[in-house]
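Make the full structure from the sequences, and use the hints.
These protein sequences, in sequence, are chains A and B.
First residue of the first sequence? That's 631 in my numbering, and the numbers climb one at a time after it.
First residue of the second sequence? That's 762 in my numbering, and the numbers climb one at a time after it.
Think of the hints as simulated: they come from the structure by calculation, not from any bench.
Please read these numbers as outputs of a predicted model, since none were measured by experiment.
Each hint should be verified, as a subset may be incorrect.
Unchecked claim - List of simulated lysine to any residue pairs, SDA-like, C-alpha gap at most 20 Å: (1) A:K799 <-> B:V771; (2) A:K799 <-> B:D832; (3) A:K802 <-> A:H781; (4) A:K927 <-> B:S922; (5) B:K891 <-> A:S912; (6) B:K936 <-> A:N910; (7) A:K963 <-> A:I844; (8) B:K891 <-> A:S765; (9) A:K1000 <-> A:M631; (10) A:K799 <-> B:E796; (11) B:K958 <-> A:S767; (12) B:K891 <-> A:E738; (13) B:K891 <-> B:P952; (14) A:K927 <-> B:K891; (15) A:K799 <-> B:P952; (16) A:K802 <-> B:K958; (17) A:K815 <-> A:I746; (18) B:K891 <-> A:S767; (19) B:K936 <-> B:E831; (20) B:K936 <-> B:K891; (21) A:K785 <-> A:E738; (22) B:K891 <-> B:R977; (23) B:K958 <-> B:I827; (24) A:K927 <-> B:V938; (25) A:K799 <-> B:D951; (26) A:K927 <-> A:I911; (27) A:K815 <-> A:G798.
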Amino acid sequence: MRFFSFHLMPYPALPPDYDGPAWVTCPNSLFDPEVGHAIYNRYLDELVAAERLGFDGVCVNEHHQNAYGLMPSPNLMAAILARQTERVRIAVVGNALPLYDPPTRVAEEFAMIDCISGGRLIAGMVVGGGPEYYSFSINPTQARERFQEAHDLIKRAWTEPGPFEFIGKHYKLRYVNPWPRPLQKPHPEIWIPGIGSLETLEFVARNRYAYMGIPYFHISVFERMFDMMRQACEKEGYQADPLQLGWLVPIFVADTDAEARRLYEEHFWYFVRRLLPGINISPPGYTSLRSVENILKGAPSFALNLQSWDQVVEGTYAVVGSPETVCEVLSEKLARLGAGNLLGLFQLGTLPAEATSQSLEAFATEVMPKLRAQFPHAQAAPGAVA
Amino acid sequence: MRRELLDCEVGRIELRRGGSGPPLVYLHSASGEGEGLEFLDLLSDRAEVLAPMFPGFGSSEGIEAIDDIEDAAFHLLDLWDRLGLSAPAVVGLSLGGWMAAELATRWPERVGKLVLVNPAGLYIPGAEVKEIFGRPLDELAADLFADQAHPVAQLMRQMASATQPGTEVPFELVKPVLAALSATAKLAWDPYLHDPKLHRRLGRVRSDTLVVHGERDGLIPRAHAEAYAAAIPRARLVDVPGAAHLVPLEKPRELAELVAAHLAG
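Structure representation (structure tokens):
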């Protein structure tokens, strides 16, 4: 099992009288740069602390024009982390490839981070969430095509000696020759997040990448997705390695179950009711029709629809409790899911610094060692997971 | 109107055909209207009406071969050739009007009399077209219809409430709507609902053109219809009171009469 500390870097200060979506059209006059200065630095501290606490890695991600996550450029964050840590893997989960024109920019920036960090980058690549296609006015009907072509170009840029010409449908480059090249051979480990699109699962299985389950669904949705991923690998002629699966889940640890809920619950609801609205816009053509049906099956269980704490617990939308409870729940779920990567989301919504730090410490000292003992693993070779 | 299937360059196209007389092609909007459309029945009294479904709509194939509005224009030209059409009359609504204009600027000799109803396709600063993508269907219905009691407006509201959590929407019902939106997005996402080069080319249109504006259109400001009428050499503008964006659905008789008069005149 590999343990990652994942940060979303949310904006915790939306005014109480604002009840619109947090994405795309949420007026940016609501962003207070003074708050920004404080929280960016606090959130980075929380990620850096993961190394001292014994995590295997840290994660940042990419979202634009929203209050849910303030990292339109995750590579900037990864670069900071590359200098402020020495051991942990740094996972960018991931660059939204269609938003980078040309995609060789991803190859370049990832190579920089990999060189600076001494070969610790995990290169996540995403199609980009629905809202990003509104934010950048990029055609969602071309999302998958662009992602595929950009991915192919980036891999070639990393593994084929340059300069070479690349003439695709969307990207036409006469000279592909990125300096620097990544340290890891053949290239950094690649992670692909997904919410159940069949094309993504097949793509991950075919390329032997790792699939990260995007959170905020009932645990049964993850169980189904991961089973499908294992099937997809079998179809490709091999058995999926647990390290090819990652479960991202909000976690909060306190002395007792009651104390944990008391400290955490209101911040969880800020996340659900103030930051999630607007995330699930699915622009036309973004998902193929054959995948829509699959994704729609999970839609009713989307976290936006949560009404009660009982539902949160029943569906394992968050793992909240004493160290014993958290250990028990994670142990059971990780075994069922067969995932080899646990991506813990420790800061969530308005959860303040002190509560976040205490939870991280408690998890690291009282939960993680027990889970490590239960789920030993072989270190993944860089570049390929299986 | 009889339903037919025709093999075209991009794939198999579904179309409706009815009536007799000089040929008239109807190009539908992003709503994909055509089946059971009273407006087409009225037109077929005086013309042979051909109403093709654009790729991605109905059971028409070939949307994979279409990336942008120029591809759409070339598809229509191919369709014209396969239907044996020389210079038919063309009536286009909204998206269909935009396509008709793209065809008429490139091949003016292939379009006879032209009727553009609330045509899309232009960008006019200060007269922005409202968003059609990502909006709840009930909100969209309010912009598209003057009379909210119209059956299609009611259906859109039903579908909007059907996507609330807890309700089961049969996927078969959702599929055609998604396909139509996706096909529209291919043409109309970026840049939004317009072709930056179209305006300067409208002077090439040789057809006698009637531009029809639904007086209560909440989607496309009147400035767009005015711009079309001003830029096309032999064009005039007329308003239909009591109609919003989807004029053929709301005022089929009035529109059919306007079209008939235009074809005869």
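These are the hints, each one checked on the structure:
1. Only pairs whose Cα atoms come within 20 Å are accepted, and A:K799 paired with B:V771 is accepted, the gap being roughly 18 Å.
2. At roughly 15 Å between alpha-carbon atoms, A:K799 and B:D832 fall within 20 Å of each other, so this suggested pair holds.
3. Using a Cα cut-off of 20 Å, the hinted pair A:K802 and A:H781 holds, with the two alpha carbons roughly 14 Å apart.
4. Note on A:K927 and B:S922: the hinted pairing holds, with a Cα-Cα distance of about 18 Å set against a maximum of 20 Å.
5. For a cut-off of 20 Å, the pair hint linking B:K891 to A:S912 stands: about 18 Å separates their Cα positions.
6. A distance of roughly 18 Å separates the Cα atoms of B:K936 and A:N910; the hinted pair therefore holds under the 20 Å criterion.
7. Taking the CA atoms of A:K963 and A:I844, the gap is about 16 Å. The hint holds against a cut of 20 Å.
8. With a C-alpha separation of about 16 Å, the suggested pair B:K891 and A:S765 falls inside the 20 Å cut-off, and the hint holds.
9. This hinted pair checks out: A:K1000 and A:M631 have alpha carbons roughly 11 Å apart, not beyond 20 Å.
10. Annotation: proposed proximity of A:K799 to B:E796 is violated, straight-line Cα distance about 36 Å (limit 20 Å).
11. Taken as a hint, the B:K958 and A:S767 pair is honoured in the structure, with Cα atoms around 19 Å apart against an allowance of 20 Å.
12. For the suggested pair B:K891 and A:E738, the alpha carbons sit about 39 Å apart, so the restraint of at most 20 Å is broken.
13. A C-alpha spacing of about 14 Å is found between B:K891 and B:P952, which places the hinted pair at or below 20 Å, so the restraint holds.
14. Annotation: proposed proximity of A:K927 to B:K891 is violated, straight-line Cα distance about 31 Å (limit 20 Å).
15. For the proposed pair A:K799 and B:P952, the alpha carbon gap of about 18 Å is at most 20 Å, so the pair holds.
16. With a C-alpha separation of about 23 Å, the suggested pair A:K802 and B:K958 falls outside the 20 Å cut-off, and the hint is violated.
17. Straight-line distance between C-alpha atoms of A:K815 and A:I746 comes to about 15 Å, which keeps the hinted pair within the 20 Å bound.
18. Of the supplied pair hints, the one linking B:K891 and A:S767 holds, its CA atoms being roughly 15 Å apart against a limit of 20 Å.
19. As the CA atoms of B:K936 and B:E831 are separated by approximately 26 Å, the hinted pair breaks the 20 Å bound.
20. Under the criterion of a C-alpha separation no larger than 20 Å, the hint pairing B:K936 with B:K891 is inconsistent with the structure, at around 24 Å.
21. Straight-line distance between C-alpha atoms of A:K785 and A:E738 comes to about 11 Å, which keeps the hinted pair within the 20 Å bound.
22. Using a Cα cut-off of 20 Å, the hinted pair B:K891 and B:R977 holds, with the two alpha carbons roughly 14 Å apart.
23. Straight-line distance between C-alpha atoms of B:K958 and B:I827 comes to about 18 Å, which keeps the hinted pair within the 20 Å bound.
24. Simply put, A:K927 and B:V938 have alpha-carbon atoms about 18 Å apart, close enough for the 20 Å limit, and the pair holds.
25. For the given pair, A:K799 sits about 17 Å from B:D951 by alpha-carbon distance, which is consistent with the 20 Å threshold.
26. Of the pairs offered as hints, the one joining A:K927 and A:I911 holds, with about 16 Å between alpha carbons and a cut-off of 20 Å not exceeded.
27. The hinted pair formed by A:K815 and A:G798 fails the criterion: a straight-line CA distance of about 26 Å is larger than 20 Å.
Violation of the numbered hints given earlier is confined to hints 10, 12, 14, 16, 19, 20 and 27; the remaining hints are satisfied by the structure.
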